[in-house]
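In the order they appear, the protein sequences are chains H and W.
The first sequence begins at -12 in this note's numbering and counts up by one.
The second sequence begins at 21 in this note's numbering and counts up by one.
Think of the hints as simulated: they come from the structure by calculation, not from any bench.
Where hints are given, some of them may not hold.
Pairs of lysine-lysine, DSSO-like flavour, derived with a Cα cap of 30 Å [what the hints assert, rightly or not]:
1) Lys124(H) with Lys415(W)
2) Lys324(W) with Lys410(W)
3) Lys415(W) with Lys329(W)
4) Lys194(W) with Lys119(W)
5) Lys419(W) with Lys124(H)
6) Lys415(W) with Lys235(W)
7) Lys245(W) with Lys124(H)
8) Lys194(W) with Lys405(W)
9) Lys124(H) with Lys247(W)
10) Lys161(W) with Lys119(W)
11) Lys329(W) with Lys419(W)
12) Lys329(W) with Lys405(W)
13) Lys166(W) with Lys419(W)
14) Lys247(W) with Lys310(W)
15) Lys124(H) with Lys235(W)
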Amino acid sequence: MSLFSWLELIASGLITGGIYALVALGLNLQYGLMRILNIAHGEFLMLGAYLTWMAHTTLGISPLLMVPVSFLALMALGLVIHKLCFRRLTVTSPNLDIFEARGLMVAFGLMFLVQNFASFMWGGDLRGYDYLAEPVKMGEAQFAGNKLLVFGLALLFSGALIALLRFTLLGKGVRALMQSPTGAQLVGIDTQRLHPLMFGIGLGLSGVAGCLLSMAYTITPSMGEPYTVTALIVITLGGFGSMSGALAGGLLLGVVEALGMHFTNPSLKALLSYSVFIAVLLLRPRGLFAK
Amino acid sequence: MVQSSKRQLLKGAAAAVGAAAFAPSLFAQAGPVRIGYAIARTGPWTGGAQVSQEPNYLLWAEQVNAAGGLDVKGTKRPIELISSDDRSDIETCVRSYEKLMGSDKVDLILPPWGSNANFAIAPLANRMGYPVLAPTALSRKLVELKLPNFFLLLQQPDRMVGALVDMLVANGVKTVAVIYVDDLFGLENFSALKVALRSTSIQVVEEKSYPGDIKDLSPVLRSIKDKNPEAFIGLSYPPDTILASKQSKEIGFNPRFYYASVGTAFQLYRNVMTPAGAEGVLGMGSWNSKTSPGAKAYFDAHTKKFGGKEPDRWASGHCWAGLEILQAAVAKSGLDRKAIRDYIAGNTHKTIIGDVKFTGSENTATPGTVGQWQNGEFEVVWPTKVATAKLSLVKPAWK
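For reference, chain W alone in the conformation it holds in the complex (with noise of 0.2 Å):
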């Protein structure tokens, strides 16, 4: 008996040093994952920030911890979102990132918003060895540079606009009028409308660019009003997406085609314009609600949590498929950062926007695509094989 009783008492101790030694361990494992990110919640990029990306953080956030948490290779793990406003300022945004991953070491980032941010992080996130999913991000200058753990979500201009030339010559158009902006974006991506258009008999009629805090544009507008071009390409930011709208509603200028860039997927948009306004207005997008039952449920997710409030139909499918992919290399490969990045690397994934693959940075599998607003939707209607909807051939007059 007294045999028995000590080596229970043995037993006893030796799992409560056991359970010392351990525990904090164990804890540790069930405690939340650190993810954190800067985003433009004040300042110019604010109006796509939180249209394409942030909200996306946020829902994804609730909905994985509403599910019990993230899948940690097995164990579910509470996500803890640590975010601060990077004002859209570049120097604010690269100090947060050096913050976040330096001195706070989150477990995993989100990137910021648009081209120009991202580009700066780019090379910091790649140093510290975050892999970044970034679905605002446009630029080839940014894939040329190969960092190993930064992957575009997004098609690249040279795939969009290819697309957009690609549907012109189709229809049999033959002249064209383009507006950029005079910023990264807009310059890469006249760059490589020049170089889709080189191969094609479409002459350009007009070229003008323009800055980005730019307040009219009806002189540039009339003067290609006068050359009578059958397109017009805007390679615009939403604001300017939309004044351009606006004035060339305003002046009566309204050729079959009518493209303009970032803003036209938004429900802003339709909201600006009306339904009727925005009929046959091409843009970029890259699909809507209709493109998967996944898209479907992020859209009426995405809606129901923001208090009607709609998902942009280009990058914010973009932002949730890169959330997919990011969820399904946790599972994977747990919190390895370079396990994650590998996974990312290597694989096709299934994601509500169809099959994303990376080459080096850039995802190759989605193809450059061209949408238009069709009865209150913005459809996605080039290239046919991924279309939600048949190009409307005439633009009908802006109501």
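Isolated chain H, as found in the complex (with noise of 0.2 Å):
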């Protein structure tokens, strides 16, 4: 195998690492930040890919503008969300494992009200439109625009998440939140509106996530579990909470997907994704770049 075709191999590999990222992150701000594991991560994702698809092929609108306008109508119902269900779980969980155990059972539940819905609204067809899927060609190797396009925003929204979470005075309430909520509370830290602005941006990234997925990919309702399983692997490998641990984990297990997928079988992707979870788990509980 030449040298072109191994950096070839690499750099569709990182591309599908960049979507598995930009997946990952929305996640791990619920669960690294407020313990919130939302198993219903994917039918949000689902949703932000249906609202493009529906905004595109029946208004015309390009599936770019719907970006922003996918985040901030997923960020208004994450905030509703949260109000109707969490905030509630919040003042009577006795203790954070307790709520952790009734998050993920609520987290369930809406997993199954988001799917029906979706096949309520829109059926269970296949759906799918034609967007930026031209190559583009660099020196030899091409990709398509729409995969470029992803994994240049997959890594810009970690850039300003990594950034937002360093560097401003929000970030760090947010760090000392993950630290220890009474800590936090105690400092004046007004986890009140932290927590469901938190929860908010989650489910916005996840519709971010899947407008652009939409572009790449044909859309069903129920698209978005297998989604939330790889999330869950990535943030895993990357350690809980951190948003640079979870860019890394997506492009590391992208890369060792498609290495994998090319020099075995795809049949044996699971196989390859699992183990690589496994060791960490063995080896790194903490995750992989857990200091």
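Can you join these two chains into the complex? Each is in its own frame, and there are hints to help.
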């Protein structure tokens, strides 16, 4: 295999990995920060995909314009869901472990609700559209425009989130909240506001991921579940709550899968992903990039 | 006078008793024919089920009822469809059919979607004595079960890939690369393909399987591109058919013959790839509206009822043909399921896709076919005797 083929293969793995990272960011924000294991994360991604598909095919709106729209729409939905479900759970749960267990149950409920809502609204048909699918040549290799866009935006969003958490006062508050919710409250951090906001941003990010994925893949009401599983693997790889870990974990998983599929067989993809997952759990249970 | 009125009274009484005795059965005969089925409305099978199958059931029931009802040996009775969502889950599917045949005791059943679901319900339906005309089951193993009540309308793997290999040989192809989904459908088609290729000089330069929920085929497609085969064969389902096509376009993999399986004949394929992008792509398809006047009428009625949604050019037509056969069988045999079964098994049926005749469970009258996108329509291009258009020999570059 030539050096060029190697590079091409690794690049295609990085692109897929970028998508994984983007999907994982939102979930990481919710689980890493608030211990809400949002099993319905993929379903909100699916909503973002359907919103974009509908806006593009019926109203002719550019899917690119739908990136901020999906973010805001899903963020608003996130604020509402937090108010209706998780705020109440925070108040009524005696400790964080019980909150986590109850939150998981609520998220399961949300998963069924959202999936059935989508089936009811749009039916179960496969949907899709053609957007930016033209190949872009880079030297001798070529990649689809929409994939490169997804990759670029995944990096951009990860970068923005990392910068937000590291360099702003808001980020400092969020990190404090991650380390110790009670401590954060004691030093005057307004957790009542920070919680819903972060949950909203998490859902908004899943909306962005859905919007971008709809440009490259076909969509159905059941498309979300596999992404939730991948996101869970990625945040475990990267370490809960670590955004740079999620980015690195996503990229790593993408490259491992691409190389594995090339040298063995795509049917063994799940085996490869889970082997990496189990190895990390055994050797570095706090995540590959945990300090 | 008294005598005559007494006689009239007696006559009236007799008539009343007679009517009371026979009327319930008369009313029952005019009641609806209850036809049950379970089909995927949610879950991964939905994409196929809601294109190739359930829309046809709804359209058929509506058309028959609008024409006064289903002809049951001369009596017209309305169709009542009793249906539920099988959630793309084998167990739910089997339980639903157990209920339909066991406790609901429906008059007839229509099949679920896909080889796996049909495989699961076929022995059950056979035991309960319900004839099944399955339009989306593709498995030689189902034929080999030799179930007297089970009929497969699609051409089986050996016929479909046999036609493909014939076409490749006739056009001098020397090398192919194959990818296949690692379930019953992919494995059976792949082994049938291997058998068909054995008697040719065609060389397989790459063969790889992949799981049904694959999200990225580009590493495999890139290695296939490096080997530069003359033909690419994807034994794939709708989402991966589209994924493979999109990613082949991405990486500029454009062999002379590009073949993908289920989903190529869907309207969705043309929508997603655009008509220019789909041009020249080959796939599993066996009819279009040019095949017969009946096919045209069906195509137009389907498109009208479902707001522009077209039937696919493979299993949809076979599904409609199955409903035509069932309708004719009921007209001839009534609701006696044994007689319906014998009628289906013992006759050659005229349908929109041409003659259908069963040898055992298998439809042996419809030849294996190959379809191709040409100017926005999926044409039958092989074998020439059933072709609706001439095979376009070189696939243009992806657009």
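Would you pick out the hints that fail for this structure and give their numbers low to high?
4, 13, 14
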